[in-house]
Each structure stands twice: as structure tokens, then as C-alpha cells.
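J.: Sequence:
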Amino acid sequence: MTKKKIIKNKEKGIQKVRFIVQMAFAILCIWIGVEFYQFIQYLETNGASVFSSRPPGVDGFLPISSFMSFYLFLMTGQIHSAHPAGFFIFFAIVLVSIVFGKAFCSWLCPVGFLSELIGDFGKKIFGKDLKLPKFLDYPLRSLKYLLLGFLFYSVIFLMSTTALQAFLDSPYNLVSDVNMYYFFAEISRFSLIVIGILFLLSIVLRGFWCRYLCPYGALLGITSLLSPGKIKRNPVSCIDCGLCNKACPSFIKVDKVKTVISDECTSCLNCVDVCPVADTLQLEMIPAKKKINKKYVAIGVVSIFMIVTGYGMISGKWQNNISKEEYLELYQDMESFGHPTLPTDRQAGTKAIKKFNEDALKNNSESNSGNDINKEIK
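First residue of the sequence shown: 0, per numbering that gives the first Met the number 0; consecutive thereafter.
Since the hints were made in silico from the structure, they are not lab data.
All values derive from a computational prediction rather than experimental measurement.
Cβ atoms here follow ideal geometry from the backbone N, Cα and C, with glycine treated the same way.
Any given hint might turn out to be false.
As the list claims (entries may be wrong) - Computed cross-link-like contacts, EDC-like style, restricted to lysine to aspartate or glutamate with a CA-CA straight-line distance of at most 16 Å: (1) K229 to D278; (2) K229 to E185; (3) K130 to D119; (4) K11 to D278; (5) K252 to D128; (6) K288 to D278; (7) K245 to D128; (8) K294 to D272; (9) K15 to D119; (10) K257 to E283; (11) K231 to D272; (12) K245 to D272; (13) K133 to D119; (14) K231 to E283; (15) K323 to E43; (16) K290 to D272.
What the hints assert, rightly or not - Computed beta-carbon distance windows for the label pairs: (17) F50 to K252: 34 to 44 Å; (18) I238 to S141: 15 to 25 Å; (19) F50 to I186: 21 to 31 Å; (20) K127 to K15: 21 to 31 Å.
Could you build all of it, start to finish, from the sequences and the hints given here?
T.: Pasting the structure below:
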């Protein structure tokens, strides 16, 4: 048997670049959070404090509303004005996944970044990444698809375009970002326990949330299958060292396939980076069979995201159309805005949401009338 000629892989270091990109986007998210906190302070003081404008980027943390806006755009060609930045962010994320697979999860997602850091901490404790047996792993992985399926069914099959428009117009949706803030700022004991359990599970099992529960990841896993960019292995030059398997955070058996086709692959390029043999593992555009330099993945992922969101900014559709005065009014009546009842069919959905909006407007009108009477008495 002739020995394989080994050419050392010298194209390494992409993980440092990925870490820098992840850190930059995490800092951006923190900055958005600080700005949004200042905006909330303005609302809480009823406009008495210095006005701080609402950062549109907060829409990115409203995935359900963003998905509904995206679906409305597909149906009508219109970008809803309540949380328009969410539409552009959602579209950018999906587009990234179509071109580079689930790269958003491993390059840009702040939750994915945090999950990765927690997983690294767990690896230091246990000395390796622990994995559930297949009879538990596969059923648990289906949970995120069940959550995604429920969302798809509720929006696409139970809501007509009219009902969808009405929901997005509803006071509940208009202040959904504020409600999201209070979910974390005034977190309940139950929610805190759930988050604590997820944190501990993520230490023991790398990427527990991302692998088993994240519906966003499920969606990107599906769209990533459309991506022409795939990890390819050259079985001729492969020395079967198994380093790629050990490096893969998604536990994909890279050394057993010629082309990695998996809804769990996040295009993190860990496997490509650790491969000791040049041109054995690489990202290729199929069917062109053209190798993609790893640095172009970083440039491509960031560029797609920035171009789409940048277009939203320069087009004038990035900011919502809610004035600070309207926000103050909505904030005062926010507790009366319950969640619209889940419809049982399209017609019922349209009627239910229409009634919900009418009740909200009625409550708002009564509240304003009460305020006017109080002013007159004073």
C-alpha cells in the first residue's frame, strides 16, 4: 500500500475572524439594548425625562412579528410599518442561510454566540463535549420543528391576509417590543427558573437551546438545504484522523461523507480549520465545484446582512411610523392590550382580531375620556 502524500493545511485562523465578527454583533446588540432602555425610561416618566429615540434594531428581537411582516410582504408586496426593521433583518437572515447555510447561527446570532461560550465552559469542566444517545437526540431535535410548524400553521393556514394585517396593526403588536423588555426586566420566577435550567443544560450539552428548541434555527436549517455552499471532503487525500468530527459543534460525522448535507451544519468552518491536510475539507459552491476561500465566507455573510439592512435604512423604511406622542399613549394603556385569541380557522381569525382591535380602541377612547374629565375637574 502506497502512503498518501500529505500537504499541510496552512490556511487556518478563520475561527479568530469568526470570533471577532460574533463579538462585534454582540456589542451592537448590547448597544441597541442600552438605547432601548433609555427609550423605556422616557415612556416610564411619561415624557418627563430626556427623549431618547427608539432604536429600530430592537425589531430583530421580535422574530414572530418579523416573520408575520415577511409573510405579509410575500402576500401583498407591502412592508408593514409597525416594525419594519424586523422585516429587513428577517429577510437578511434568511438570505444569508440560502447562500451560506445556517451561517447566521455561528457568525452573527448573539444567542448562538452566548451558547457557544457556555458550551466552551462546559467542555473545560467535562473535558469534552457530551452528547445524548441517538434515541434521545433525534426526538428532541424535532421539538424545534414542531414549534416552527405551529407558528407556520397559525400564521399561514389560520390567518387570512386581512387577519394578518389586523394583527400587525393591533395595539398589542405595536408595543410588543416594550412587552418584550418587561418580560426580561420584570422576569417572573417561573421564567427565571426556565432560563436557569436552559443555562445549566447548555453547560452539560453544547448548544442545547440551538439544537433542540430554537424555531429560528429550525427555519434556517430548512432554508440552508437550498444553499449551494456545502462542505466537501476529498476522500483521496483524507487521512481519517477524525479531527473534523471532534471539532464539529453539531456532532456531524464529517469524515463519513463526501458532501455535508445537514440541517445542523452552521457553516462555522471548524472542521475545515482543523483539517491537517490541504484541500481535503473545503467549502464549495455546488454544482460549480468552485472552492470558496474561508475569508470570503466571513465577508459574504457580513456583506449580505449589511446590504439588506442598509437598504432598509436608506430607503426610509427602517423606522416605524409611530410618533413619541403615540408611544406615550400606547404605553399608558398597555396593560389593557391582551393577546388576540388564537383563531380556529381563517374566517374566525379575521373576526377575532377585528373585535380585538375594536375593543382596544374602545378601551383607549374610554381611558382618554376619563383623563379629559379628570383634567376638567382639576
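J.: None of the hints should be skipped; say for each whether it holds.
T.: Verification of the hints:
{"no.": "1", "hint": "K229 to D278", "verdict": "14 Å, holds"}
{"no.": "2", "hint": "K229 to E185", "verdict": "43 Å, violated"}
{"no.": "3", "hint": "K130 to D119", "verdict": "14 Å, holds"}
{"no.": "4", "hint": "K11 to D278", "verdict": "12 Å, holds"}
{"no.": "5", "hint": "K252 to D128", "verdict": "14 Å, holds"}
{"no.": "6", "hint": "K288 to D278", "verdict": "13 Å, holds"}
{"no.": "7", "hint": "K245 to D128", "verdict": "9 Å, holds"}
{"no.": "8", "hint": "K294 to D272", "verdict": "12 Å, holds"}
{"no.": "9", "hint": "K15 to D119", "verdict": "15 Å, holds"}
{"no.": "10", "hint": "K257 to E283", "verdict": "12 Å, holds"}
{"no.": "11", "hint": "K231 to D272", "verdict": "13 Å, holds"}
{"no.": "12", "hint": "K245 to D272", "verdict": "12 Å, holds"}
{"no.": "13", "hint": "K133 to D119", "verdict": "22 Å, violated"}
{"no.": "14", "hint": "K231 to E283", "verdict": "6 Å, holds"}
{"no.": "15", "hint": "K323 to E43", "verdict": "12 Å, holds"}
{"no.": "16", "hint": "K290 to D272", "verdict": "14 Å, holds"}
{"no.": "17", "hint": "F50 to K252: 34 to 44 Å", "verdict": "55 Å, violated"}
{"no.": "18", "hint": "I238 to S141: 15 to 25 Å", "verdict": "35 Å, violated"}
{"no.": "19", "hint": "F50 to I186: 21 to 31 Å", "verdict": "27 Å, holds"}
{"no.": "20", "hint": "K127 to K15: 21 to 31 Å", "verdict": "23 Å, holds"}
When held up to the earlier numbered hints, the structure conflicts with 2, 13, 17 and 18 and fits the remainder.
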